[in-house]
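Each chain, written out:
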Amino acid sequence: MGPGRLSMPQMIIANRLRDGAVVFLAPGEGWELAIAAGTVIESGEEATRLFAVAKRHESECRVIDPTLIDVEIKDGTPRPTAIREAIRAFGPTVRTDLTEV
Amino acid sequence: MYRYDEFDERFVHERVAQFRRQVKRRIGGELTEDQFRPLRLMNGLYLQLHAYMLRINVPYGTLSSKQMRKFAFIARNYDKNFGHFTTRQNIQYNWIKLEETPDILQHLADVEVTGIQSSGNCVRNITADQYAGRALDELADPRVYCELLRQYSFLHPEFSYLPRKFKIAVTGSPNDRAAVAVHDIGMRMHKNEQGELGFEVLVGGGLGRTPYIGQTIRKWLAPEHLLSYVEAILRVYNMQGRRDNINKARIKIIVNQMGIDKFRELVDKEWELTKDGALKVPDEEVARINAYFAPPQYETLADETASLAKLRAGDKVFDRWMRGNVIEHKVPGYAIVNVSLKAAGKAPGDITADQMDAVADLADRYSMGEIRVSHRQNLVLVDVKQAEIHELYRALVALELATPNLGLLTDIICCPGLDFCGLANARSIPIAQDISRAFTDLDELQKIGQFTINISGCMNACGHHHVGHIGILGVDKRNEEFFQLTLGGSSDQHASLGDRLGPGLPQAEVPTAIRKIVDKYLVVREHGERFLDTYRRVGLEPFKSAVYGAESQAA
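Heads up: the protein sequence lines correspond to chains A and B, in order.
Heads up, the final residue of the first sequence is numbered 82 in the working numbering, and it's a clean run with no missing numbers.
Heads up, the final residue of the second sequence is numbered 1205 in the working numbering, and it's a clean run with no missing numbers.
Treat the hints loosely; a few may be bogus.
What the hints assert, rightly or not - To give an idea of the interface, some chain B residues facing chain A are shown, with a C-beta separation under 8 Å as derived from the structure:
| id | residue |
| --- | --- |
| 1 | K747 |
| 2 | D1069 |
| 3 | I1079 |
| 4 | E1131 |
Stated by the list, open to error - The list that follows gives simulated cross-link-like pairs (lysine-lysine, DSS-like), each with its CA atoms no further than 25 Å apart:
| id | chain 1 | residue 1 | chain 2 | residue 2 |
| --- | --- | --- | --- | --- |
| 5 | B | K716 | B | K730 |
| 6 | B | K815 | B | K912 |
| 7 | B | K747 | A | K36 |
| 8 | B | K1127 | A | K55 |
| 9 | B | K815 | B | K919 |
| 10 | B | K1166 | B | K1097 |
| 11 | B | K898 | B | K815 |
| 12 | B | K966 | B | K996 |
| 13 | B | K674 | A | K36 |
Honestly, the hints are just simulated from the structure, not real lab data.
Quick reminder that beta carbons are idealized off the backbone N, C-alpha and C, glycines included.
Input sequences plus hints: build the corresponding full structure.
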């Protein structure tokens, strides 16, 4: 990760080991289900540092496959720019009666 | 139905206990994900976008009501109240927790079902005609041979680490409802010139990134040689299959690169070594397994043609449902009833826990406790008395399981797509929903006639898009979902791969494009033609012009 301000904010997404739930790295190095509670990363240094934390949590069997993703901030709320990650963050776009995350 | 013997039962329970220990070691930090992944996949547990996904085998698509109730129990207690029936006649749960999986597998083992070999580079669930043992046009029940193959290939040490997954399908009818031509091995039962029953064996069929229709490797194979011949094919594949490139690892690549004649030569050479050995299937073993699939005790009944005609005359929707969803049974007075999982606006193949329980109850009440799963993602009650059909129909209507669309345009095959699947590039379910909502007029569906639409959210083709009369493939173009249409595919006994219609379309334009194709077909079709017949006669161009207009002329 290069130094300085990122061209687009980022977050770290992963699946929780025990139940597979999608989680976001949050302030205090915890993992939260709600994307709004996750840490929005603005700089390359911060991304490098937090990604190292996430990888440590992976080795400690807390999460699987932590990944840095680009997000945009809309109305104060982060939203992944990639469709795939947006669906992971907000749940399936179908069967919303049953599948609300 | 086949029942586990003592060995099966003990083994499956031991396997659950073993997996319980593996999960404990993973959660406790003794196993890394790289170490654990192959272990969970061997039990059918994937990690998808939102959670773990558990795939459970339904061998050759045959289920008991007791097993269906257990599926409902799992959906209700360990998932979000629903499950999804797949194109390989299996069921998948989308919201499984790793720490609960051993308990789930224990519950399933108690009713003799497992996720073993529903994933990984091994012989997967062996699929069959959903009407097996009951269809009027059938020569023999293929499930006996599917079960033989299942027992033979289950945990076979030589074939547990094949170059890639391996799918086998068997049909006992000349009318192929099991899509055997798009399997690694497809088998069609038929009689030779001497009138003896055997198999035409096809090899190298498959969809995915590089689709092929299977080629006949042997025109007639005696049933006693089934296992030795399949073993010879698997052995040649195991030796020749590519392990350096996952995209070229399926048997279809080898068969098509080397040519069917050369491949046959290698198989025959291998087969010579084993054909008269230990794998020769004894008649007693076939008879023993056959007994499990013996037809139930049918009553002597007459066909209810007159009484049903009266009911049909008074209820147009019932009449349509009878015409499409009810199939002739080989025994007089009985019928095969298809339970549509394709209600307008619903995800094809999805079923709620309450619906599963209700179907199990209906199976007990009206169909001797047996349920089938079709590769087109519907359920079937195979032994219904004609005298009770109307009563059953009314119960299905109340459950939203009586959409009279079997074999019609809205009987759509659809994979889970990007809403659930970690491999997908685009969402497929919303496309199916849009199309089903755009074609709700039953008169119109009837007028359009036999029609298949198959949708996949990526080139892996779980939704069999290459063999839909219209195939729809979701692709990602710079983070936008587009959908490529193919026309003219078919998975029946005259299987063909669809031809690409033109550039991909955005989601919103897909239903309109389908409408334009259908309208063009209704104009150009000749008397008695299905869409597929018309397409094969007139080709791509009229439909291309209909969808893309002047643009296609310019191109």
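Right, here's what the structure says about each hint:
no.: 1; hint: K747; verdict: 4 Å, holds
no.: 2; hint: D1069; verdict: 4 Å, holds
no.: 3; hint: I1079; verdict: 5 Å, holds
no.: 4; hint: E1131; verdict: 7 Å, holds
no.: 5; hint: B:K716 with B:K730; verdict: 20 Å, holds
no.: 6; hint: B:K815 with B:K912; verdict: 22 Å, holds
no.: 7; hint: B:K747 with A:K36; verdict: 22 Å, holds
no.: 8; hint: B:K1127 with A:K55; verdict: 23 Å, holds
no.: 9; hint: B:K815 with B:K919; verdict: 24 Å, holds
no.: 10; hint: B:K1166 with B:K1097; verdict: 15 Å, holds
no.: 11; hint: B:K898 with B:K815; verdict: 12 Å, holds
no.: 12; hint: B:K966 with B:K996; verdict: 23 Å, holds
no.: 13; hint: B:K674 with A:K36; verdict: 21 Å, holds
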